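Generate the whole structure from the sequences, applying the supplied hints.
Going by the working numbering, the first residue of the sequence shown is number 1, and it counts up by one from there.
I should point out that these hints are in silico values taken from the structure, not numbers from a laboratory. A portion of the hints provided could be inaccurate.
[As the list claims (entries may be wrong)] Straight-line Cα separation of at most 20 Å, PhoX-like style, residue types lysine-lysine; simulated pairs:
1. Lys127 - Lys206
2. Lys144 - Lys204
3. Lys144 - Lys127
4. Lys127 - Lys197
5. Lys526 - Lys315
Given the structure is predicted, the values throughout are model-derived calculations rather than measurements.
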Amino acid sequence: MITELQTATGTADPSQLGLSRGKRSRPLFDPPIVRRAIVDSFVKLNPKLMAKNPVMFVVEAGAALVTLLLINNAVHHAAGLGFELQIAAWLWFTVLFANFAEAMAEGRGKAQADSLRKTKTDSAARKIQDNGTVVDVPAASLRKGDICLCEPGDTIPGDGEVIEGIASVDESVITGESAPVIRESGGDRSAVTGGTKVLSDYVKVKITSNPGETFLDRMIALVEGAQRQKTPNEIALNIMIAGLTLIFLLAVVTLAPFSSYSVSAAGAGTAPSVVVLVSLLVCLIPTTIGGLLSAIGIAGMDRVMQHNVLAMSGKAVEAAGDVNTLLLDKTGTITLGNRQAVAFFPANGVSDTELADAAQLSSIADETPEGRSIVVLAKEKYGLRGREVSNHEAEFIPFTAQTRMSGVNIEGRAIRKGAVESVKNHIVELGGVFPPRVTEIADGISRTGGTPLVVCEDARVLGVIHLKDIVKGGMKERFDQMRVMGIRTVMITGDNPLTAAAIASEAGVDDFLAQATPKDKLDLIKREQAGGRLVAMTGDGTNDAPALAQADVGVAMNTGTMAAKEAGNMVDLDSNPTKLIEVVAIGKQLLITRGALTTFSIANDVAKYFAIIPAMFSVTYPALNAMNIMHLHSPESAILAAVIFNALIIIALVPLALRGVKYRPLGAGALLRRNLLVYGLGGIIVPFPGILLIDRLLGLLHLA
1 MITELQTATG TADPSQLGLS RGKRSRPLFD PPIVRRAIVD SFVKLNPKLM
51 AKNPVMFVVE AGAALVTLLL INNAVHHAAG LGFELQIAAW LWFTVLFANF
101 AEAMAEGRGK AQADSLRKTK TDSAARKIQD NGTVVDVPAA SLRKGDICLC
151 EPGDTIPGDG EVIEGIASVD ESVITGESAP VIRESGGDRS AVTGGTKVLS
201 DYVKVKITSN PGETFLDRMI ALVEGAQRQK TPNEIALNIM IAGLTLIFLL
251 AVVTLAPFSS YSVSAAGAGT APSVVVLVSL LVCLIPTTIG GLLSAIGIAG
301 MDRVMQHNVL AMSGKAVEAA GDVNTLLLDK TGTITLGNRQ AVAFFPANGV
351 SDTELADAAQ LSSIADETPE GRSIVVLAKE KYGLRGREVS NHEAEFIPFT
401 AQTRMSGVNI EGRAIRKGAV ESVKNHIVEL GGVFPPRVTE IADGISRTGG
451 TPLVVCEDAR VLGVIHLKDI VKGGMKERFD QMRVMGIRTV MITGDNPLTA
501 AAIASEAGVD DFLAQATPKD KLDLIKREQA GGRLVAMTGD GTNDAPALAQ
551 ADVGVAMNTG TMAAKEAGNM VDLDSNPTKL IEVVAIGKQL LITRGALTTF
601 SIANDVAKYF AIIPAMFSVT YPALNAMNIM HLHSPESAIL AAVIFNALII
651 IALVPLALRG VKYRPLGAGA LLRRNLLVYG LGGIIVPFPG ILLIDRLLGL
701 LHLA
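What follows is the structure, given as structure tokens:
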């Protein structure tokens, strides 16, 4: 059950909600990308590929029909071949220009991805042969019954059972728990999971599952069973474009018999030819947005790549613009993933400096993140610098899973630090007494979600070191910004509720879900989606994979497991979960860009009515000459000018589609007014001088 947290509702600076500069982007028309895009423009003429875009498929079908008529008329030496040739050429150019816009966006995205993608490599395993020798083999080649040696720093290559040794194992990528666990042969702590990491000592692991039967494989099965929903914007736009195309297609088809009847009834004029009707259809359907739609989505992917986020699809970027709920894994996402020393609590009769000095001495040779943090804390808080102890005949005692302690013997002093029970047993063995006050301090640290380490010198307890998960810097402020953007944040973790509540309060998230299993995370996302909300999920562990797959926007951390990266539809190469702010802003920019160009595409049809309708029917109905307000040169030049403008406007808008309309955090009403004023009015005005100029050039060049 999710517990509501009382968090501050600080107000973020709205200017911070805009897109940051990100990485330096490539030139808009980078020559290698342009060359590849030109070639791809012709490859994309394949009808199977064009069928994915109904608007441009209709244009290609019209171009093919006009081309066939041109060839037939050329064979029969019919008149008007020049006009038909130009119409056919410009219809093909319209399709090619649309393909070029998409190929340009793809080319920029591929060029960026080529420099960012990391080669997937299979993990290695150290297999013990029958003769006792150890050989390196791919983990994927292991079979049930094989035995592997795993030493500090090694990743356990598969699900198995410890048959020899004892080790401290980091299972955070699987369970979400940041604290390491002990795994040893025999008993109920012998099972290990593939993908976890050995931190100390060694274990020999007998593999208990074949490829395809592991915990990871079960996670992948959940991933493959998850389905992403289409966004409301995507559904609405597809319905509108398909609807407009169908309406104008029916209108033009019925126009042929209607015009023939009108000519017969009036006794004057000629019915428009198939070439003219195809030209009218192409000019009336939303070819501008149809030609740029794919480019806008792919360009959104390119823009998130400039922020070091690798997007697998334009739909994911688009969905980010409508996200209502953000789920964040705790370990490695909200927190650094390694526990850090934050305070020293001395025992009765012990000074702070004495405890800090002993803690630092015991940690000088400790290369773990926890050990290094103890040295740094003693230096920063008490001015104790790391000392050169090699000249003092110091004996360093490494941490082992058996003792669960580490320390140093120096100048007759035996200093140890370790888990509460381990140090307590050590003190009792030496004949000392473990102070009740130290037990109270340790219990208090545990209740707040921290980890206590007790420090002792010989049989005397000096105090407790407080280790805790460290929330990444700036998290609270960034979550405040998300709140301003209307995004609700939920932290999900495998930790106990006390630890989860403490971290959630410090990070400033709205809600949290503790002790979450992969299924719990999946169910939470499904409940949010069932309520009509779009969900974004960030995570880095194998246990996050099903949720990343189900989420509308799944952002996997690059420091995470391969299962997480495969499940998500985005990978953050910087492993910064708050980068979702930039991703959301880019998603909103994508939606705004598409809305602006859709408004422009529909509006600029108005000028084409004034160009083509009089050209088609003014002889039959002279009153229609009043619509020829541009005084175009001839019916042929009017139709040709409209078709040429229809093709060229796609190329003219490619830079806007690739760069995107600038995002500002405006309300829906203000955004609608801006679109209507800038792109609606602009879409009506711009075609008039454009068509008029093309008409005059056609007349000067005697092309119509």
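Item to check | Violations among the numbered hints | outcome: none
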